[in-house]
Amino acid sequence: MSLVGVGADAPATPDARQKAGTKRRPPSITLLNTASIVFGIALWWGLSLAGFKLPTPPEVVKSAVRLLSDGTLEGDILASLRRVLTGFVLGTALAIPVGFLMGWYTIARALIEPWVQFFRTIPPLAIIPLAIVLLGIEETPKIFVIFLAAFLACVISTFQGVVNVDKTLINAARVLGAKDGRIFLKVVIPASTPFILVGMRVGLGSAWATLVAAELIAAQEGLGYRMQAAQLYYDLPTIFVGLITIGVLGLLMDRLLLFAERRLTGWQERR
Amino acid sequence: MTSSPKIQVMDVSKTFKLGGEDFVALDHVSIDIADREFVTVVGPSGCGKTTLMNILAGLEEPSSGRALVDGKPVEGPGPERGVIFQQYALFPWLSVRKNVEFGLETAGVGRRERHEVAEKYIAMVGLEQFADALPKMLSGGMRQRCAIARAYAVNPSILLMDEPFGALDALTRVRLQEQLLETWSQDRRTVVFITHDVDEAVFLANRVVVMAARPGRIFTTIDVPAVTRDEAFRMSDQYAHLRNQVWSAVHHQS
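Residue numbers (our numbering), protein chains in the order written: chain A, 1 to 271; chain B, 1001 to 1254.
A few of these clues could be false.
In silico lysine-lysine, DSSO-like type, Cα no more than 30 Å apart, as pairs [as the list claims (entries may be wrong)]:
hint	chain 1	residue 1	chain 2	residue 2
1	A	167	B	1098
2	B	1017	B	1072
3	B	1098	A	62
Just so you know, these hints were derived from the structure itself, not from any lab.
Here chain B stands alone, though its shape is the one from the complex (with noise of 0.2 Å):
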């Protein structure tokens, strides 16, 4: 971490009117995320982490405090910000392929360059053979694998994950962290990740960052030694021990 962070949240703070009252969403919340990072982030319901992603992809506004990317305040969406949400959020009506091309579409990419890089990202992902067919042909487990091609597709420096596999089950969910780890290990874009599974976070990350509820704050961040991610270390002590630690800040939160 020489040069200057890809991610800065400064203070951050985001208060929602729930029923009339004040409900501390975030409070005062600041990180430093590097770049080729990848940083999972996880905690109980309510402390926050959602409106944390959400503050970054530019949907939301913080209350006060700042989030800069690349030394810029992020002031609305932007295309170096690619974002994957937990349901998906495919267009139901357009075709794997059409969906893929949907942000080269808006950024105004002829045809031809446009068939060309969502045919890459198809087969990244490895939907080839589902390319002309609609979302509601594919399981649970293709769709998220369409949503990350499609956010792939406009090339973004930065991933930010709403506990993408959330949904998913269990087998499908390991396959998915897998060939996300390898196309990061390829690519090392930096990559925000919110899970509110600890093994996930765990298995994933450099580093973990454990937030706490009411209100919205960051608990503490513990670091991932730079190891394979494979079998072997899902079966390790090391993994083992890291998840308790884990596991112990998520649950024991006073």
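Extracted from the complex, chain A is given alone in its bound form (with noise of 0.2 Å):
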């Protein structure tokens, strides 16, 4: 998911052996965009006119269609978001406070590191059957997961960015006078706030990677509930419906997320 989106914003970079002088000017981007998935579902369709176990894209489109007017696309997209938000908002509001606490007191750090390298080694997904025997089969362990996969991704930037934050600010603010308590709130924050946000949109894409599987719990609907249901019914437009649904929310997230930090972030000199 947020390769998807890292690849999306890379800068265009102009192309620097044109010659000057010549009035061929680059294609532009938002076209080039349009014919490359243009030319996807091209190949997808003729993929699956050629004979592989594909659905043609208006086959898909019929059973979207028919999904949205009974309903059940909407309950299973308002199902799924409310896990991934809920997993996502309480992991990364615990991730940001943690994280400050590891960067700038290093006894925190001490006692705190240990764990969240341990569980960062296990898969969330690899926690779901503890998460079931524990937390049961209703929405807890499901959300638990997802806030686990965002806090681990979130938790770590964080801490990061609190590390390195630039020594020298932090000796212009003492030597104008500043405190802790001011040096903290004026400099490390502000200064932390890109990475922060970076570590919020690895958690968001964490806690959408993390939807699927914790679906499995005993769901009743959500998108990765539907696909595993369609699947027993070799439902392959429904499939493709709940794939294509969490990659364009997802990606709409992404770019929220995204929008944030370029008005947050934006006196950042970019390299």
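Each chain sits in its own coordinate frame; assemble them with the hints.
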């Protein structure tokens, strides 16, 4: 998910080799993006017509229309969004203060870091069996797993942000009379905001990545659940609808965070 | 120098652990700096000149010996000592104006007065047109001018400058040197100016302190007569002579 975001917002490099004086302008990025998407869909269509076991685009659209008209897709989107957002918000809300604690106080870092590093090596999905046993099969284990994924991704980034705050800036604040509290509020927090936002984007990616598997836990609705149910009936168009919906929603949320990032960290010198 | 010195460095040593070995950054350094004096400190890298400045700024503590300012031991940073760093150290998320106001805000100065003081020092360094610009919009010279305004805004009686013009091109450097001297000749704050540039050291100073490395210590001090610092001085035989004197002190240490 985050890969999509990173790739798509890479700066457009003007063709340096293009000779000055030639009137030919490089084709616009939007045009190329559109062409690429159209080509991808055409390729998919071609493959499905050529006998691969793929639904054709019209079949997928038809399936989407059916799922939308009877309210299934809306219900699934709501259920999944609620899980992803709850897990993500709780995860990042805890990760940011914990990351600050770890970065600012050596004692907190020494106490917390082993646990963070340990749980980071365990894929959140591997926690699912444990979560089911301990937390049952209601919403709690699903949200917990997503929460854990978002938390672990965001806490490391926040911690790195605090640790990487330029020592000279802290010294500059100190010689201007600032004490610890003010240095923290006025220097450490703004200086680590870019890292936190990157952490949130990665955390959001992890949250989405964990969703489908989390919905393996006895879900009644949700995009992941719908795709698993469709799998039983070889209902490929519905699976495609689920995949595309997850992709589009993830992309939209990533764009929102990217927008926030641009607004909040526009002071950065981009190289 | 009839009154007691503004700054007294008394037998200060500073030792770092470097890869398990002791590195002597400063070895029994003593120096007195008078009120309203402009002292430049020049020396090869590793001579401890930045360490000396950090001790005066209160950012580091001496391993032994004492540093006094106005007769009182230095304990942490204080508003009477303004510091200007080589890397400008502007807060990149704050505009020029907000950067200049930072120290005033810290001191609890009210909004209106803060604004007035900031205006004054922004004008002093000629950044009026860029008061609301972010540091990323500024050139290196403009950034350092902003940092100078920020240090002046809290009205320190001492300016500690750590190679402030080291990262600037030669032309900008000369212009900022002249502006600094002009300001200094008006308000006569005590200045300790660290540099690795012999020309700069001679041009600016009342007194040049030459340091030596391994261990970091004061090698010699050379007085510069009180003459007008202008292009004529830069071209004079007197300047050339002083420059040669400092140069050989820096480069022929044993």
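Comparing the hints with the structure gives:
Distance restraint check for residue 167 of chain A and residue 1098 of chain B: the Cα-Cα separation of roughly 20 Å lies within the 30 Å cut-off, and the hinted pair is therefore satisfied. For the suggested pair residue 1017 of chain B and residue 1072 of chain B, the alpha carbons sit about 28 Å apart, so the restraint of at most 30 Å is met. Note on residue 1098 of chain B and residue 62 of chain A: the hinted pairing is violated, with a Cα-Cα distance of about 58 Å set against a maximum of 30 Å.
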